[in-house]
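Please work from the sequences and hints to get the whole structure.
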Amino acid sequence: MSPPHIAGVGMTTFGKVPERTGRDLFAEAGSTAIEDAGIDRDDIDALYVGNFMGELSENQGHMGPLMAKAIGLDVPATRVESACASGGMAVRQGVKDVRNGEADVVLVSGVERMHNMGTAGATGGLSVAADDLWEIRQGITFPGAYALMAQRYFEVHGGDREDLAHVAVKNHANAANNPLAQYQSEISVEKVLDAPPVAMPMGLFDSSPITDGAAAALLVSEEYAEENGLDTPVAITGTGQGTDNLALAERDSLVWTPATRDAGQEAYDDAGIATDNVDFVEVHDCFTIAEVLALEGLGFYEEGEGITAARDGETTADGDLPVNLSGGLKAKGHPVGATGVAQITEMTKLFRGDHVNSDRVEDASVGLTHNAGGTVASAVVHVLEVAE
Amino acid sequence: MSDEIQNDGYDQAIEAIGAGEPYALECPNGHHSMPPRRVCPECGESELEEVDIPTSGELLTYNVTHVPTPDFADDVPFVLGIAEFGGVRLTGRVQADAEEVEVGIPVELGLGESETTERPLITFDLA
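Sequences listed follow chains A and B, in order. Under this note's numbering, think of the first position of the first sequence as 1, with each following residue one higher. Under this note's numbering, think of the first position of the second sequence as 1001, with each following residue one higher.
What the hints contain is simulated information worked out from the structure, not anything from laboratory work. You may find that some hints are simply not true.
[Stated by the list, open to error] Example chain B residues on the side facing chain A (calculated, C-beta under 10 Å, incomplete):
id	residue
1	Gly1009
2	Ala1013
3	Pro1035
4	Arg1038
5	Glu1042
6	Leu1060
7	Tyr1062
8	Arg1089
9	Ala1098
[As the list claims (entries may be wrong)] Computed from the model, here is a short list of chain B residues facing chain A with C-beta under 10 Å:
id	residue
10	Val1064
11	Ala1073
12	Val1076
13	Ala1083
14	Leu1090
15	Val1103
16	Pro1120
Even for Gly, the Cβ is constructed at its ideal location relative to N, Cα and C.
What follows is the structure, encoded as structure tokens:
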């Protein structure tokens, strides 16, 4: 069983384009990935599309075949939904298809249209990733849910909003020169702390933005790459998935994410690596506290010790473990169903040398992506390695 | 209750909170969960029993929500919290201004309603 190789990637410029349909965003990203791979589209065996809330944002379900035809494909096409982890789960389905020999070429993708919903509409749409009866009816929002986790973290482990502000500052700095990022601007700790409140202790700059966008990657078998003389320097060598209660209140801990731990452990074992082998990561920083919880769940920090990582420069671009060199969800943007795929496309470019921050990881050989749904009731982790 | 389509299991539990007689479900292994459930989410046991929970609890965490979902447009700002009642945790509205609230304070479980939709809402009053 050889690992799938990444033959091509595509991503729209993330941002605010409320007039663009999901199918148009997808078609741009998908076509870019096929062009990037330089393969015959007739060779594509299957399509997976990650999308969270097309029914709510543009009255559109059944996105598998819709998107297949949007790029002129006539292949088995399936939508994958797992809230904000939809994209990563779509990648995982493609990885499995290639590994088990079902397919030689799979297009994995994600797309989300959000700005046309407005802020209240998007807040309501995103909230459906929570438990309707015991959370949504009580007024929970996603900034609010992560605020509950952050406040509890401060109580149990210490740390404060200023520590978290450094996460946002770091991720904005990483995106400053990324032409595909929604926010290509640096910010200060003061700006984060003084930003308008969303759900305190999460302010506007603790939060990833509302984003329209799509991303796609072509996964191919090693055999297909060899037979067609493709240059595919990056392979997906590990995959893992974890599950937890939707409702925060129904979990043992409000400051520990077992789904991330389980997904990470499975992916590490699958790839035959340990945390120490990982050179850089893209983690699901939908809110500043989320990056902290991800780094702890993945084993890069002990529980309660991840909150100072950005402030201490350990996870900045020149730190020991660069985290979210793409800018992360925070600054690159977070079109929720596309995010897990965008992590793969950005990391592929970081490895290949055609990303603006590639010089930060010149000697790197192992990377990890972490994509979460809800308050990490879903998590999916992939290990990417430079192919032999 | 409203004339909306009912959510069997949930509606009864909410009414019980309103009556001051809240309950949770308990499996033979002592795990608690909230209805409707046919199976314990922790261990898969299907013999679930309704057990009374206290109305006095402790606030474990809270936020101050300024940007709401449309169903709470007229409620903001509000304090949302998670509190523990005899080992059972619930999410609800803390009936106080943000300045009065801190982690660890005692709270009383009750039922109120959303100012926006007048739907029932789990409430935590300062004890």
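Verification of the supplied hints:
The beta carbon of glycine 1009 of chain B comes within 9 Å of a beta carbon in chain A, closer than 10 Å, and the hint placing it at the interface holds. Hint on alanine 1013 of chain B holds. Least Cβ distance to chain A is approximately 9 Å, under the 10 Å limit. The beta carbon of proline 1035 of chain B comes within 9 Å of a beta carbon in chain A, closer than 10 Å, and the hint placing it at the interface holds. Proximity of arginine 1038 of chain B to chain A is violated relative to the hint, the smallest CB-CB distance being about 15 Å (cut-off 10 Å).
Using the Cβ-Cβ criterion of 10 Å, the hint placing glutamate 1042 of chain B at the interface with chain A is satisfied: the shortest such distance is roughly 9 Å. With a cut of 10 Å, the hint placing leucine 1060 of chain B at the interface with chain A holds, because the nearest CB-to-CB distance is about 6 Å. With 10 Å as the threshold, the beta carbon of tyrosine 1062 of chain B comes within range of chain A, its nearest partner Cβ sitting at about 6 Å, so the hint holds. Taking 10 Å as the C-beta contact cut-off toward chain A, the hint placing arginine 1089 of chain B at the interface holds, the least distance being around 4 Å.
A hinted interface residue such as alanine 1098 of chain B counts as satisfied when its beta carbon comes closer than 10 Å to some beta carbon of chain A; here the least separation is about 7 Å, so the hint holds. Of the supplied interface hints, the one on valine 1064 of chain B holds, with its beta-carbon coming within about 4 Å of a beta-carbon of chain A, less than 10 Å. Here the hint on alanine 1073 of chain B is kept, as its CB sits about 7 Å from the closest CB of chain A, short of 10 Å. Because the beta carbon of valine 1076 of chain B sits about 9 Å from the nearest beta carbon in chain A, less than 10 Å, this interface hint is met.
Annotation: alanine 1083 of chain B was flagged as interfacial toward chain A, and the flag holds, the nearest CB pair being 9 Å apart, inside 10 Å. Annotation: leucine 1090 of chain B was flagged as interfacial toward chain A, and the flag holds, the nearest CB pair being 6 Å apart, inside 10 Å. Satisfaction of the interface hint for valine 1103 of chain B is found here, the shortest Cβ-Cβ separation to chain A being roughly 5 Å, below the 10 Å cut-off. The interface hint given for proline 1120 of chain B holds, since its Cβ lies 8 Å from the closest Cβ of chain A, which is under the 10 Å cut-off.
Against the hints set out earlier in the document, a violation occurs for number 4 only.
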